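Engineer: Residue-level listing of the chains:
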Amino acid sequence: MDWASLRLSLELALWTTALLLPLAIAIARGLAWRRFPGKGFVEALIALPLVLPPTVLGYYMLAAAGRAAPLGEAYEAVFGGPLVFTFEGLVVASLLVNLPFAVQPLQRAFEAVPEQLREAAWCSGLSRMATFVRIEMPLAWPGLASAAALTFAHTLGEFGVVLMVGGSIPGETRTISIAIYDRVQAFAMTEAAIMSAALLALSFVAVGVVYGLGQRGLVRRR
Amino acid sequence: MTGLSAHLAQPAPIPLDAEVACGPGELLALVGPSGAGKTTILRAIAGLIRPRTGRIACNGEIWFDAASRVFLPPQRRRAGLVFQDYALFPHLSALGNVAAALGHVERSARAARARDLLARVHLEGLEERRPDGLSGGQRQRVALARALAREPSVLLLDEPFAAVDQVTRRKLQRELALLRREIAAPTILVTHDLAEAAALADRMSVLYRGTTLQHGTPDEVANRPVTPQVARLMDQPNVFAGRVAGRGPPGRLALRWGDIALEARDDGHFAPGADVAWMIPAAAIVLHRRERPSRGERENPLSGTIEEVLFLGETASITLRAGAGGAAPALTFSVSAHTARRNALAPGAAAAVSLLADAIHLMPPGE
Numbered sequence: 001m002d003w004a005s006l007r008l009s010l011e012l013a014l015w016t017t018a019l020l021l022p023l024a025i026a027i028a029r030g031l032a033w034r035r036f037p038g039k040g041f042v043e044a045l046i047a048l049p050l051v052l053p054p055t056v057l058g059y060y061m062l063a064a065a066g067r068a069a070p071l072g073e074a075y076e077a078v079f080g081g082p083l084v085f086t087f088e089g090l091v092v093a094s095l096l097v098n099l100p101f102a103v104q105p106l107q108r109a110f111e112a113v114p115e116q117l118r119e120a121a122w123c124s125g126l127s128r129m130a131t132f133v134r135i136e137m138p139l140a141w142p143g144l145a146s147a148a149a150l151t152f153a154h155t156l157g158e159f160g161v162v163l164m165v166g167g168s169i170p171g172e173t174r175t176i177s178i179a180i181y182d183r184v185q186a187f188a189m190t191e192a193a194i195m196s197a198a199l200l201a202l203s204f205v206a207v208g209v210v211y212g213l214g215q216r217g218l219v220r221r222r
Numbered sequence: 223m224t225g226l227s228a229h230l231a232q233p234a235p236i237p238l239d240a241e242v243a244c245g246p247g248e249l250l251a252l253v254g255p256s257g258a259g260k261t262t263i264l265r266a267i268a269g270l271i272r273p274r275t276g277r278i279a280c281n282g283e284i285w286f287d288a289a290s291r292v293f294l295p296p297q298r299r300r301a302g303l304v305f306q307d308y309a310l311f312p313h314l315s316a317l318g319n320v321a322a323a324l325g326h327v328e329r330s331a332r333a334a335r336a337r338d339l340l341a342r343v344h345l346e347g348l349e350e351r352r353p354d355g356l357s358g359g360q361r362q363r364v365a366l367a368r369a370l371a372r373e374p375s376v377l378l379l380d381e382p383f384a385a386v387d388q389v390t391r392r393k394l395q396r397e398l399a400l401l402r403r404e405i406a407a408p409t410i411l412v413t414h415d416l417a418e419a420a421a422l423a424d425r426m427s428v429l430y431r432g433t434t435l436q437h438g439t440p441d442e443v444a445n446r447p448v449t450p451q452v453a454r455l456m457d458q459p460n461v462f463a464g465r466v467a468g469r470g471p472p473g474r475l476a477l478r479w480g481d482i483a484l485e486a487r488d489d490g491h492f493a494p495g496a497d498v499a500w501m502i503p504a505a506a507i508v509l510h511r512r513e514r515p516s517r518g519e520r521e522n523p524l525s526g527t528i529e530e531v532l533f534l535g536e537t538a539s540i541t542l543r544a545g546a547g548g549a550a551p552a553l554t555f556s557v558s559a560h561t562a563r564r565n566a567l568a569p570g571a572a573a574a575v576s577l578l579a580d581a582i583h584l585m586p587p588g589e
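Chains as they are written, first to last, in our numbering: chain E, 1 to 222; chain L, 223 to 589.
Bound-form chain L, shown alone (with noise of 0.2 Å):
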């Protein structure tokens, strides 16, 4: 069994009850709201806790049984650690941090592989200054060199992003994706940014309260939720109750939202009369354009009242209620801040949208 694998589980002092898979060279991103316990599941993977009940594997090598009551210390682990705040240490040169992670190296060869590693993360020529002597973007590579001379098994990154502005965050990210070409060990990163792990990994892990809610693809954990709980940790903003009215058309469910009645993708999980949960993500919304009319527009129609229009830089999010008496619940989608000034889009004027079937999404119902 290669990469990682990991379940942890205990009921205090933070709760867990997390599974965590990461094959060779793919970047899993763990999300979910502060308290989590994201950051608990790295510290545990590097050794640097140990939880009440578990497992925890790499490359076949057993890191952490509770039933056998091993536990590899974190010298013995070869897990790269990048820290939220980095913890270099601060009497070290940017060489020095590097260098005392090769303790594996021979002492002759340590300086031209740190010398190496911090040319890779491009820091040429500042081997010689201190932490307090470099950029907030500068320390984090230095941070990544140190986590990678380890020749790491596994390479964990704590929220690796959060403590940089955002013109150096967008560049370190950048340099992330491309380094990872190069680096074969399984990558964790940890983030509440979810367009950061949208963008970067392979595979998302969403945990809330120390549990696992779903795992998979980036797409799929934002466009198929498991449970509306998941839906709205992925900040899905249209997330509704219905029920499924009968069979429609191959391949369609017919779905009952409060008066409206919508054609859904039928996969099969749903029988008719079934009480759901459905979502339809904010770009599967399509604003029917006065003087243009498209074809996606007999798809599910659904006219109504604007409630809000917010201009939020190049794009404009709006609130849409359906339906005349008020009674259905807002839909929220945006459009580019030019079509919505050109299609003259303000509170209490009316539009219509479609509802894109195939994205419409069917859950069982919320708590």
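So that you can see chain E by itself, here it is in the shape it has in the complex (with noise of 0.2 Å):
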């Protein structure tokens, strides 16, 4: 068992989910309340990497952070040190590939949640802070728990993008599915076989959160 990139795969997964979801509440509620121009085309933006290879994302993100693009030159002029090729790197193609995962359950939630009850909120004389703390998420959590769930379990089993952007540094970008990848490589059928079983059991259980709340969703609602 590599215990470091196991390691390494839940550190990833917990900043990814942890800097996603303040992004993706942002993004859902302007989904869900506004209509502007183009909405279609960045919701469609947003479900991209639902259907894109992997690599081909890992590609325009070498691409575009890569130490000879302007701005993976930028990345390193201010933080003295490349993007690519990094745990930060991991992070942000990890951000980039789940955001459809994290959207587009709290969209739904908060679509859910009628424009009424922010206006009786307001009317009550709750700032719009305190609507949102004290009204909207108590009535969207099931959404975040699912947008929570669904990145932390999707960045666990992300490959192709780590793959890519990352490498394969052990302790610094070799995530558990790489791992898994390199000893099978290596014949070592047994390691990988533990470590597959692993995360099995975390997206099982990952998955399950996202469908018990589903159903809890639904038995709310009658």
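Treat the hints loosely; a few may be bogus.
Unchecked claim - Partial list, computed: chain E residues near chain L (C-beta under 8 Å): (1) Leu117; (2) Glu119; (3) Ala120; (4) Ser124; (5) Ser127; (6) Arg134; (7) Gly167; (8) Ser168.
Unchecked claim - Pulled a few chain L residues facing chain E out of the computed Cβ check, cut under 8 Å: (9) Arg520; (10) Leu524; (11) Pro551.
Keep in mind the hints are simulated off the structure, nothing from the lab.
Computed from a prediction, not measured in an experiment: that's the story for all the values here.
Ideal placement from N, C-alpha and C gives every residue a C-beta, glycine not left out.
From the two separate chains plus the hints, produce the assembled complex.
Structural biologist: What follows is the structure, encoded as structure tokens:
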């Protein structure tokens, strides 16, 4: 069992989930309640990682943020190191790949909160922030939990984009899914089997959480 | 200046040209057909929409003034709004819903205050229920308690009785009439139910496509509409065209209605020769009873043929075509079902009525 890579995967999943959720909440609320020109285009852009091969996304990340690219140079000038082939680079790639997994459940959840409830909250004297914390989030929380579980599980299992952007540097960018691949390449099937089973269990728990919440949401709405 | 006064105007998206004035303790009903802009006006007063131009002031405080770019958000307006379908917070108990509007009260006192408010609307014992465990009438009461919790400077009720059954509606209307005595704030009730407005309101504002057509007591608006359009919106069935033929006895005008000469009350607005619209409330058309003539029969007697008799429960709606030629439009009035049967009122039968002169109301001719 490659503990370092399991730990790295968990760290990556936690960081991605923690950073992505606030961003996804802001995007999902905007998409749920606002009408603006180009909304369909924005939604399509967010959904794109669902269908795009991760290698394609990884390629564009490399092209845009590689050491020779302007974005990569700018990052290096500010932070003193490259973005690609680092843990930070993995987090950025992960955020992009997971955007639909976080935004879509949240958007559905916010869409289900009637506009009138927010208006009623304002008329009751609740500030916009208080309305968000006390009215919107308690009603949208199954969506938030789904978004968190999906993002977490999906990040654990990410392979293509991680390999493209991170390479396979032990302790830095070698996540568990890549470690499994490496073990299989090296014919170390027992180790690969143990790690695969661990990943399977983690993913099952996460997806179970999503479906469990989905059921509860349905029961509640009835 | 106490109470609420508002002038709202905009060409789009919902056209508005409305005047609203409501004094402390007064109940103003905004009436008009669907799409008249009633709810839009409430939303503007609450601060949920910002009209293009206009001004809203409440108890001397300016809430909105397009000219000086003042626009207070709903949180700073102290307007208690009861939404049409109540908009209760589904994840909070009745108590939680009311307490949510008590942000201005010290935290430790909120629960007790919320309980008091729920008791005022007769919901003792249901404090811990969530909205999905309450009946329609109970939800409406929670919404009312929540609106009152803010100690509002103006109470806004958007069709508060539309979503409940008839029996509950009567009960809630009674409760509102009783509760009103304790509410010092101006109260604005949006309704399309004219009987409800007449029963509950001190004043009424008739709206049509966002424009205020008339403002007055329910009696004024119903019986002294300023235009034939208001008369029709107030569901007056007897609105006709006529001409002032001359002065009659003191206080009376001679009115010509086709071939028929009538006497009407003269309030000095119309000179002889003027084309007018005129109306008479159904209640001021008195049926001549065959066996029991009464004094009222000397006033504007008319005879004609009954066209239609419609029994609606305890009353019968009668349509009578006056005169012999059948050229005059038909009058509609109501009698008790009992009277209709005893006088053998049936289509084709001859009947006579009197139009009470004091109730005949003259208006400028319609468009």
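Engineer: All hints, please: hold or fail.
Structural biologist: So, going through the hints one by one against the coordinates:
Interface hint status for E/Leu117: upheld, as the beta-carbon distance to the closest one in chain L is roughly 6 Å, under 8 Å. For E/Glu119, the shortest C-beta to C-beta distance to chain L is roughly 5 Å, which falls under 8 Å, so the interface hint holds. Evaluation of the E/Ala120 hint against chain L yields a held restraint, the C-beta minimum of about 4 Å falling below 8 Å. This hint holds: E/Ser124 has a C-beta 4 Å from the nearest C-beta of chain L, less than the 8 Å allowed.
Look at E/Ser127: its Cβ gets to within about 6 Å of chain L, closer than 8 Å, so that hint holds up. Of the supplied interface hints, the one on E/Arg134 holds, with its beta-carbon coming within about 7 Å of a beta-carbon of chain L, less than 8 Å. For E/Gly167, the shortest C-beta to C-beta distance to chain L is roughly 47 Å, which exceeds 8 Å, and the interface hint is violated. For E/Ser168, the shortest C-beta to C-beta distance to chain L is roughly 47 Å, which exceeds 8 Å, and the interface hint is violated.
Given hint, L/Arg520 at the interface with chain E, is violated; its Cβ is 58 Å from that chain's nearest Cβ, farther than 8 Å. Interface hint status for L/Leu524: violated, as the beta-carbon distance to the closest one in chain E is roughly 53 Å, over 8 Å. Using the Cβ-Cβ criterion of 8 Å, the hint placing L/Pro551 at the interface with chain E is not satisfied: the shortest such distance is roughly 45 Å.
Consistency note: the structure conflicts with the earlier hints numbered 7, 8, 9, 10, 11.
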